[in-house]
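Read off the chains here:
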Amino acid sequence: MERIARGVFERVWNTGEYDLIPKLFAPHAVFHTPADRAPVHGPEGYRAFVERVRRGIPDIQFEIQDFFTEGKKAAIRCTTKGTHTGPYLGLPPTDRPISTTQNFIVWVENGQIVEAWQEINGQLLVEQLGVAPPQGVGPLQFLGWAFRTVFRIGLLQARYQRQQRGRPQS
Amino acid sequence: MVSPGATLSPEDKKEIVRRATEEFINRADEAAADEVFTSSYIEHAHPGVGNLAEFKVYMRGLRNSLGNFSIEIQAVLVDGDYVIHRALLKGTHQDTLFGLPPTGRKVAVEVIDIFRLEGGKIAEHWGQADTPGLLQQIGIAPPPHASGKEVMKVMLGNFRLFGGLPFRKLAKKLRGRR
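As they're listed, the protein sequences go chains X and Y. Residues 10 to 179 in our numbering are what the first sequence spells out, letter by letter. Residues -10 to 167 in our numbering are what the second sequence spells out, letter by letter.
If we strip away everything but chain Y, and leave its shape as in the complex, we get (with noise of 0.2 Å):
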């Protein structure tokens, strides 16, 4: 634990990211969060999560959505006050993500992310995902460049995804009538 107001080192300031990412993102360590989280921390990466607490419902929200949620770090630099990372996101998708509903299949995406320290903690996070791998991974959306013939294929995969559900909640509705 680094105390607030020392002079810390780059491989400090590495410690408090690894910290804030192996207790609290992957072990939903909401405890830890309070200790390596300023109280006034802005996250950026997240439409509708500003503060905090937002950000730990968000959390909750994705590590429910993808299981086994876990975020590896691939490569560190530190400038200043900033921490930034290269590291891979991985989660077996087994509840509803951006409105989809599970698909059981594995994701591994890249994400970049850039940390702001202020007295020891995280003050400040922008982040970016490869969301459209994801929504490929999935099987939702098409690679890039896709031919009319992959995008069709997904389209039909959409279908099957989606069309099948209004009629799996009319059974689940009647079974439970009974």
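If we strip away everything but chain X, and leave its shape as in the complex, we get (with noise of 0.2 Å):
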């Protein structure tokens, strides 16, 4: 069970070792994380999903601070730390640093995951990247955020696309 965990957070994610992933994801697992409008399906759909956030934050670490097991099941608790230096969840890149906690339930069959369910702090991490609404203030103040943060997120967009137009075509 620990190897699994292990497997998917220190050699899929901290070293994108990502033939690793038919070997510890069963063909038919769903991964249920907030990070995606749907269920991710299968290794395939899983491998699809962990480069696009390497590409949102290439430097991303997980490192697991506790790890529970009972039978089939286990659940894990860790800490991700990377910096936001690729397109990620629609946003341009900010190229701010991010730290965040997850909680990790994993169903296991066969020694595969064929059910995992993800949650994360986002609150922290939309905090971090500068997109949270700020707390307690009035009506006015919120949209006078809302209209500086789309205009930020503008001009980081704006950036970005002229950085890869400027980039020779591989």
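Misleading hints may appear alongside valid ones.
[To be verified] The calculated SDA-like cross-link candidates involving lysine to any residue, where the alpha carbons are at most 25 Å apart (straight line), are:
#	chain 1	residue 1	chain 2	residue 2
1	X	Lys82	Y	Trp115
2	Y	Lys110	X	Arg86
3	X	Lys90	Y	Met48
4	X	Lys82	X	Phe156
5	X	Lys90	X	Leu29
6	Y	Lys95	X	Leu152
7	X	Lys90	Y	Pro36
8	X	Lys82	Y	Glu113
9	Y	Lys95	Y	Met48
10	Y	Lys79	Y	Tyr47
11	X	Lys81	Y	Gly69
12	X	Lys81	X	Pro96
13	Y	Lys95	Y	Gly69
14	Y	Lys142	X	Thr42
15	Y	Lys45	Y	Ala20
16	Y	Lys138	X	Phe156
17	Y	Lys138	X	Val159
18	X	Lys82	X	Pro106
19	X	Lys81	X	Phe40
20	X	Lys81	Y	Leu(-3)
21	Y	Lys79	Y	Glu19
22	Y	Lys3	X	Thr78
23	X	Lys81	Y	Gln63
24	Y	Lys3	Y	Lys95
25	Y	Lys95	Y	Asn40
26	Y	Lys79	Y	Ala97
[What the hints assert, rightly or not] Which residues of chain X face chain Y? A partial, calculated answer using Cβ under 10 Å:
#	residue
27	Thr42
28	Gly80
29	Trp116
30	Trp126
31	Leu133
32	Ala141
[Said to hold, decoys possible] Residues on chain Y that point at chain X, a partial pick, calculated with CB under 7 Å:
#	residue
33	Gln63
34	Asp68
35	Ile101
36	Arg105
37	Trp115
38	Thr120
39	Gly122
40	Pro133
These are calculated hints, taken from the structure and not from any lab test. The structure presented is a predicted model; accordingly, all values stated were derived computationally and were not measured. We put the CB at the ideal spot given by N, CA and C, even for glycine.
Relying on the hints, combine the two individually framed chains into one complex.
Printed below as a string of structure tokens:
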């Protein structure tokens, strides 16, 4: 059990060993994540998910804080650190460091993950990326914040697109 | 009721967390909270909330913001002194939440809670809720990987939600003066 969890976080996520994914995830595995609208299906879906997040946060590092297991069920408490230097969740790169906590529940059958659930401290994440609404402000200040944020993200998006165009076609 | 010091079975441990969830979290029984949480309880899930007294105040506010607040346990696992569950958090956004005015919308999001037990009581808690999902259901945040059009739609919704408020407040004030 712990070998599977370490495989997912320390090898797939931290070092990008994507070839391990089909060994760790069953062909019919389902992964529930707040970072996508619908559950992610199968090793291929999971690989696409990891690649997308690592494009946004290429230096992402998971650290397992606690590992729990009972029969076929496991739970993991971990921390995630990295820098938002690529497009992520529809946001252009903000170059900001992120550091958040996550909880996972994983169901394993025949040595492979069949279903998993992820919850992230997303509030912390959006605050660090500078896109969280400020708390306890009045409606007008909130509107001011909303316009400033849309403007800032628009500028970052324009900068990112300019950089992409400037890059030689590969 | 489990006597402290007794050897607890995994079922006993699940029962302690179930009781904390149903009696304190869902039914606001603060006397029950004193029986199921240790006096040195440590809360890790919410910023600015560290001990049991602060957690009680936090829960009062949350139950007020989300009417008919409930946590429904979906799956549980027990490992030593730790109980972990996946649950559904439900409520109706009926009062200010995260500084957002009430929208009347119903929300249901997943949470994963980790509890550490000590002497038959809950001593520590780490929880994560799908807060982005909650903000999406309230209508204030766009879904992940939203298109520009979807983001604009949400921002316009925010404008309607927040833009009218200063006028409503002013109207209320004027009515109060008469």
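Problem - Interface restraint verdict for X:Ala141 against chain Y (beta-carbon cut-off 10 Å) - result: At about 9 Å, which falls below the 10 Å cut-off, the nearest Cβ of chain Y leaves the hint on X:Ala141 intact, so it holds.
Handout entry: Hinted pair X:Lys82 and X:Phe156, Cα distance within 25 Å
Key = 45 Å, violated
Problem - Pair hint Y:Lys138 and X:Val159, alpha-carbon separation not exceeding 25 Å - result: 13 Å, holds
Exercise for the section: Please verify that hint: Y:Ile101, Cβ, nearest Cβ of chain X, below 7 Å or not. Expected result: 4 Å, holds
Practice task
Go through the hint on X:Leu133 and say holds or violated, using the shortest Cβ distance to chain Y against 10 Å.
Solution key: 8 Å, holds
Exercise for the section: With a cut-off of 25 Å on the C-alpha distance, tell me whether Y:Lys3 and X:Thr78 pass. Expected result: Holds, at roughly 14 Å.
Problem - Closest C-beta approach of Y:Arg105 to chain X relative to 7 Å, hint status - result: Status violated, d = 9 Å.
Practice task
For the pair supplied as a hint, X:Lys82 and Y:Glu113, confirm whether the alpha-carbon distance does not exceed 25 Å.
Solution key: Within the cut-off at roughly 21 Å; holds.
Exercise for the section: Below or equal to 25 Å on CA atoms is what counts here, so check Y:Lys95 against Y:Met48. Expected result: Status holds; Cα separation ~18 Å.
Practice task
Quickly compare the C-alpha distance for X:Lys90 and Y:Pro36 to 25 Å and report which way the hint goes.
Solution key: Roughly 19 Å separates the two Cα atoms, so the pair holds.
Exercise for the section: Would you check the hint for X:Lys82 and X:Pro106, treating anything up to 25 Å between C-alpha atoms as holding? Expected result: Roughly 33 Å between the alpha carbons, so the hint for X:Lys82 and X:Pro106 is violated.
Exercise for the section: Please work out if Y:Lys79 and Y:Glu19 have their alpha carbons no farther apart than 25 Å. Expected result: 20 Å, holds
Going down the numbered hints, you'll see the structure goes against 3, 4, 12, 13, 18, 24, 25, 33 and 36, while the others check out.
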